[in-house]
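Undergrad: Add chains B and C to chain A, keeping to what the hints say.
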Amino acid sequence: MSTVRLAALTKHFGPTVAVQEFDLDVADGEFVTLLGPSGCGKTTTLRMLAGLIEPTSGRIWFDAEDVTYLPPRARNIGFVFQTPALFPHLSVADNIAFGLSVKGKKKDVVGPRVEEMLALVGLPGYGARLPAQMSGGQQQRVALARVLATDPRVLLFDEPLSALDRNLRDTLKYSILDLQRRTGKTAIYVTHDQSEAFAISDRIVVMNGGKAEQIGTQTDIYLQPRTQFVAEFIGANNGLPGTVTGREGSGDDARTIVAAAGLTLRCRSRAELAVGDDVVVYLRPENLVVLNDGEDGRFENVVEGKIERVIFEGPTAQLRVDVGGRELRADVSGGRRLTLIEGRGKVRLGFDDVTLIRAPRGAAQAPAPAPLS
Amino acid sequence: MPPSAPAAAVPAPGGAASRRLSSRRIADLVSHAYIWLCLLVFVMPFSALLVYSFTGPGGTYAIENFQYVLGSFGENLWWSFRIAGLTLFLDLVIALPAAYAIVRYPFPGKRLLFSAITLPLYVPGAVIGISLVLTYNFTYHLTTSIWGLVLAMTVGSFPLMLTPIVVALKDLPLVFEEAAECLGATRWQTFRRIVFPLIGPGVSAGLMLSFIIVFNEYLVTLFVHPTGITTAPLRVFNLIRTAGLAPTTAALAVTMQLISFAAVLLFFKIFGTRYLRGTYLI
Amino acid sequence: MAGEPLSVPIPGFAPELRRERQSKLTGLALLTPAILLAVLFLYYPLAFIVQMSFSLANSYLSPAGPTFTVANYQAMVSRYLPNVLVTLQLAGLATVVNLIFGFPFAYILVRKVRYRDIVRAFMVFPMFGALYIAFGMRFLLLPGGPATPLLEFLGIQNTSVLYSLPSVVFAMSIFTFPFMVMNVGAALSNVDPMLEEAAACLGARPWQTFRRILVPLTRTGIVAGALMVFGWNLGTFAEPLLLGSINEQKSLAWTLYQRGVVQTDYGLSTAMGVVLLILAFIVTYFSLRYSRGALVD
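Protein chains in written order, with the numbering used here: chain A, 1 to 373; chain B, 1 to 282; chain C, 1 to 297.
Same shape as in the complex, but just chain A:
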């Protein structure tokens, strides 16, 4: 119902910079998630959007209205907190009605609306109950009903599922998505859980240290990470520091040659990289294919290594392979994984898709080894 625009939003807490020059454009009805580790500034940004905190500088617009310094009650938003925060002394119905009754709406308007909201979140007839009589999941649904009752123009979610247990989280996140679609409201969602973000967002903003590292769809972020942080934070990744040594070909066949970990790799070309640039090479574990004899020709790049460890996870098996002194993780699925369980000895890995990211100037930092899980 509203577009949201953030321009150069910044927040300092004394000497600490929590959010730095944050820009974002959210379309009407879009579901955008701010994803990042704790302390990255996502909650601070959300609270500035709500008006619970004032920014140090920058601007926020809902549609054409500059809301930067408006208090929360003047913004017509819906904020869903980490805990349901239902008012314990009010019934479920009174909780849901709260936003309407503080605006002075009469009972004949409020009553039907409360019923409508209860039906919307799948809790019809629960109006007379007290919050203490409901489970955690039910309470969070009532919290959703409560914010939707006032017909806000923007929905803000602050890790609403993190206090719930696993199964509840899975079902509830789709309920949230469903509600958002049905009501067509613009939603901005904060979480540190990648699978949650990937499941329900239209776009994702990956945040770190107060900055937006990358903004894009799930595929953008996963397949084409733009920064080291994104490459390593999203999913598992193998990282090798290296240097650009050459370029070949043109058009679709253009390739950048990189020397990394004693190997020579052919990567899809990035025009902005020049010979001699320091880069980090990222290889997704699922893209490293274990080759049988004679299969070398399938892939552009083939490396050989020694299996250090095999971790059987059920649907996949993780191979830890020592290639040129570095440990790479390769994920194997399907029947092949069963034959490798006892894996010892050498193995050949083939791969095509290599992500190149320019390394920070001067430092050929070794990226952290791919996490164990």
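Don't read these hints as lab results, they were simulated from the structure. Where is the CB? At the ideal position from N, CA and C, for every residue including glycine.
If you want the ones that stay clear, here's a sample from chain B, every Cβ over 10 Å from chain A, calculated:
{"#": "1", "residue": "Trp36"}
{"#": "2", "residue": "Gln67"}
{"#": "3", "residue": "Leu70"}
{"#": "4", "residue": "Gly74"}
{"#": "5", "residue": "Gly85"}
{"#": "6", "residue": "Leu92"}
{"#": "7", "residue": "Arg104"}
{"#": "8", "residue": "Thr139"}
{"#": "9", "residue": "Tyr140"}
{"#": "10", "residue": "Phe191"}
{"#": "11", "residue": "Leu207"}
{"#": "12", "residue": "Leu258"}
{"#": "13", "residue": "Leu265"}
{"#": "14", "residue": "Gly272"}
In silico lysine-lysine, DSS-like type, Cα no more than 27 Å apart, as pairs:
{"#": "15", "chain 1": "B", "residue 1": "Lys170", "chain 2": "C", "residue 2": "Lys24"}
{"#": "16", "chain 1": "A", "residue 1": "Lys306", "chain 2": "A", "residue 2": "Lys346"}
{"#": "17", "chain 1": "B", "residue 1": "Lys110", "chain 2": "B", "residue 2": "Lys170"}
{"#": "18", "chain 1": "B", "residue 1": "Lys269", "chain 2": "B", "residue 2": "Lys170"}
{"#": "19", "chain 1": "C", "residue 1": "Lys24", "chain 2": "B", "residue 2": "Lys110"}
{"#": "20", "chain 1": "B", "residue 1": "Lys269", "chain 2": "C", "residue 2": "Lys112"}
Sample of chain C residues with no beta-carbon within 10 Å of chain B, all distances over it, derived:
{"#": "21", "residue": "Met76"}
{"#": "22", "residue": "Val77"}
{"#": "23", "residue": "Ser78"}
{"#": "24", "residue": "Leu81"}
{"#": "25", "residue": "Leu93"}
{"#": "26", "residue": "Val96"}
{"#": "27", "residue": "Leu154"}
{"#": "28", "residue": "Pro166"}
{"#": "29", "residue": "Asn190"}
{"#": "30", "residue": "Val223"}
{"#": "31", "residue": "Asn247"}
TA: Only chains B and C this time, still in chain A's reference frame:
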């Protein structure tokens, strides 16, 4: 002395075990007996007065003394209730915003400010009394008004109203107020509909504590009261000084204590003892 | 309550300061009634009596205005020194009694007693006021009163008990007993009982455990309780009056009343008040430093 005997780990066979165990039991009995002895001592003055209040002339058993309470002491009781009521009202009206400011608003020197307004607790009653009566006389000209007395009571009981409310507010998660604000409520609406109901127990604790203190107050009252207003405890004091001990006076004292005790019990019954944390009643 | 901030920035004020400033001002505004109350009815009067303590007797009433003098304080040090000493003595003794009897009480209460609420209910009685305590005790100790048989049995002269130091101190101790118990109790509840058991297992006798484990660990509570009790007892009024001999009735609070209200020697009585105040403040200052932790961040 802490009466704990060393824990009897493995009972030695035979007599030693029963000896060690029974010495432990004796220690326990002694401990409990000590507690009850002390409790008895606490209640002893009250009980003495209770017994005394029932004695009639010539050593007979008489309830008539309590008629006095409603009769000629009735006016004093009425003043006591009236003063207490006005004082509690003022206390509440001043303490609620003060507590909210202390807990929810940022500004420097909060700690100092809090100490400064709770200072009256630590000033001896006679000093408050003399300072107020002289100030009323020479500067404020409040000697003949009931408000002089009420305000004197207010400043003395204010810390006891403030502290439980501050405790209750601190325990109230901020998220409730944030949720209310995001739903469109103004600060005042949030306070009236969300904060105040949820700190009810703390407010009640403050009311109870202040009531006890103000209702039974005689010292500052002695200095400051306008002629014509004599509260019940002051009446007790005056009577003892002028007429010596009398059963009727005892009846009044007993009544005051019973009313106060009832107030405490009522509070404990409804709210339990949680909300008195930090107020030195618990 | 807080006004809406403008969307147009006020030149010269950084935006984040505006809300913060408003917050601070609103906070201060909410505190104003309380501050006003304290200033008008506590601080100003106290300042007033300090000023008055330097005036001669009731010269405030004279048309020419007050005469400035330090005679009152000189009198405090010379003629009224016994009063100060008696006050300190009474408060000190009551504190000691509270310590001796209060610590075990607190210990048993914290460690052994399950029926705490009943105990709490009983403990409120002293708090209703020293007046009732003194009244009750006086009745008990009257010659021919209920305690007479017991005293005769113990061979103690009745009159020597009634209007004497011990009964005054006893009454004072009852009054402030709950405060001591609370402070010590709070400190004790922070001591893990396992420490005492460990000491016992290592062979310590109860007294040793007490002296070497419990006391050091509860030192803060003990000191806080002692200071609080001492401070409260400095202002003792009814107990010396109803239960004490002439000597005890020299306590400052009562003398203050007599000189000030009865004899209208304002100069002297306010000087006494100031002395009493200073004593109380010294005690309070140290007690707050040891107290159970401030309520305000």
